[in-house]
Amino acid sequence: MKLKHILLFFISIIGVSISTMAQQEQATDTIDQKTKYGLRLGVDLAKPVRTFAEEGYTGFEILGDFRISDAFYIAGEIGTEDKDFDEENLKANTTGSYIKLGADYNAYNNWFGLNNAIFIGLRYGFSTFTQELESYTVYTNNQVFFPTEREINQEFSGLTGSWAELQVGIKTEVLNNLYLSINLQLKRKISEDVPNNFGNLFIPGFNSTNDFSEFGAGYGYTISYLIPIFKK
Amino acid sequence: MTRKFLLLASLLIVLNGCTRDDICDPNTATTPLLIIVFKDFASPTLAKQVPNLTVQTSDDDETLVINSVSTDSIAIPLRAGNVNTRYLFTINTGSETEEIIDALTFTYNTEDIYVNRACAFKSIYSNLEATRSDEDTDDWIIDFNEEKTTVENEIEAHFTIFH
Numbered sequence: 035m036k037l038k039h040i041l042l043f044f045i046s047i048i049g050v051s052i053s054t055m056a057q058q059e060q061a062t063d064t065i066d067q068k069t070k071y072g073l074r075l076g077v078d079l080a081k082p083v084r085t086f087a088e089e090g091y092t093g094f095e096i097l098g099d100f101r102i103s104d105a106f107y108i109a110g111e112i113g114t115e116d117k118d119f120d121e122e123n124l125k126a127n128t129t130g131s132y133i134k135l136g137a138d139y140n141a142y143n144n145w146f147g148l149n150n151a152i153f154i155g156l157r158y159g160f161s162t163f164t165q166e167l168e169s170y171t172v173y174t175n176n177q178v179f180f181p182t183e184r185e186i187n188q189e190f191s192g193l194t195g196s197w198a199e200l201q202v203g204i205k206t207e208v209l210n211n212l213y214l215s216i217n218l219q220l221k222r223k224i225s226e227d228v229p230n231n232f233g234n235l236f237i238p239g240f241n242s243t244n245d246f247s248e249f250g251a252g253y254g255y256t257i258s259y260l261i262p263i264f265k266k
Numbered sequence: 041m042t043r044k045f046l047l048l049a050s051l052l053i054v055l056n057g058c059t060r061d062d063i064c065d066p067n068t069a070t071t072p073l074l075i076i077v078f079k080d081f082a083s084p085t086l087a088k089q090v091p092n093l094t095v096q097t098s099d100d101d102e103t104l105v106i107n108s109v110s111t112d113s114i115a116i117p118l119r120a121g122n123v124n125t126r127y128l129f130t131i132n133t134g135s136e137t138e139e140i141i142d143a144l145t146f147t148y149n150t151e152d153i154y155v156n157r158a159c160a161f162k163s164i165y166s167n168l169e170a171t172r173s174d175e176d177t178d179d180w181i182i183d184f185n186e187e188k189t190t191v192e193n194e195i196e197a198h199f200t201i202f203h
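Those sequence lines, one after another, are chains R and L. Position 180 of the first sequence, counting from 1, maps to 214 under this note's numbering, and the rest follow consecutively. Position 106 of the second sequence, counting from 1, maps to 146 under this note's numbering, and the rest follow consecutively.
With the rest of the complex left out, here is chain R (with noise of 0.2 Å):
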């Protein structure tokens, strides 16, 4: 029993997660058929990882939602990151805070007493923040001169950028009211302010920017615990 536990929870760290076994052992007497609503709230564990693992990142992320019918959540999350841009001829740091809210569509037909989630989610984010422009060499296609590198130090800040996301994702209830849940997120821009000369090489919330098209891309993968607020 124990150990069917421990590999759920292990399971559900790679990735792969609703299981059925879970569902049969958790199924079991329970009179009330009423089910819990209340403020689910948690952290993204991906940004401390990356923040460890990645030279050049640091990111922090909470989250929580709000069930407010039997399917639909008001989520949201607010988060802070922090990435260097290191490349050979440019190198540039961007830092800054964002906010995500929408809402998550639980597409998943629970068996009695089970909590699990296939949702799709929608969110409007907006982060501010602000871009250094560290160093650059000049870009030349001939070697005849010696690379001209070029210090710049230059901030630009008070940016904003705003974009529209879309969610896919599932949630699985690991302990009584703990939630691990794992999501990809589609992001496409709506705004951004521009800095002269320089463009958002990434934009906090919205990730890394794309030279060529207006859309971003991310995951997560969150851990959250539910208060219980009434059951219905």
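Hints are computed from structural coordinates only; laboratory data are not their basis. Hints may contain errors.
[To be verified] What follows is a set of in silico ranges between Cβ atoms, one per label pair, in the way DEER data are often shown:
#1 R:P181 x L:T147: 17 to 23 Å
#2 L:T189 x R:A87: 48 to 54 Å
#3 R:E189 x L:T145: 26 to 32 Å
#4 R:L75 x L:N149: 42 to 48 Å
#5 R:P181 x L:E186: 25 to 31 Å
These numbers come from a predicted model, not from an experiment. Don't be surprised by glycine CBs; every beta carbon is placed ideally from N, CA and C.
Position chain L against the provided structure of chain R, taking the given hints into account.
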């Protein structure tokens, strides 16, 4: 469902890892070269080939930019890290006719323009001016003219040398 999801997840991560943002497309307009055309001094509208032209930098490396080519137009780089670039122009390199070396110094202001994340910045040049910078009286370049005082693309010639 879960399998499809995982497939999508790994696909996204792979796609995200390598995009065409990473490499500067060679077709992108970056720092322009100075385009020089050679014309006949007697009839200034006519292009005139320079026999066995060699162009090299005048610094210690004496880097060869054009190596003994008969041509009526060349494209050479300007030093972005400096306000001037001096070149040595040699006519009749290695041929039986007498070799003559003339030197020109190009002075200019540079301005850096952001291109994109892969190419980063390019330099463009303004207030282009050339001066003769050799002492000898043995010249093959009779005259020259700045057709354009700004060098920001490689569409048209910026400079004409009459010989």
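Structure-based check of each hint:
1. R:P181 x L:T147: 17 to 23 Å: holds, 21 Å
2. L:T189 x R:A87: 48 to 54 Å: holds, 52 Å
3. R:E189 x L:T145: 26 to 32 Å: Since R:E189 and L:T145 have Cβ atoms about 37 Å apart, the given range 26 to 32 Å is violated.
4. R:L75 x L:N149: 42 to 48 Å: For L:N149 against R:L75, whose Cβ atoms are near 57 Å apart, the range 42 to 48 Å is violated.
5. R:P181 x L:E186: 25 to 31 Å: holds, 27 Å
Checked against the numbered hints above, the structure violates hints 3, 4; every other hint is satisfied.
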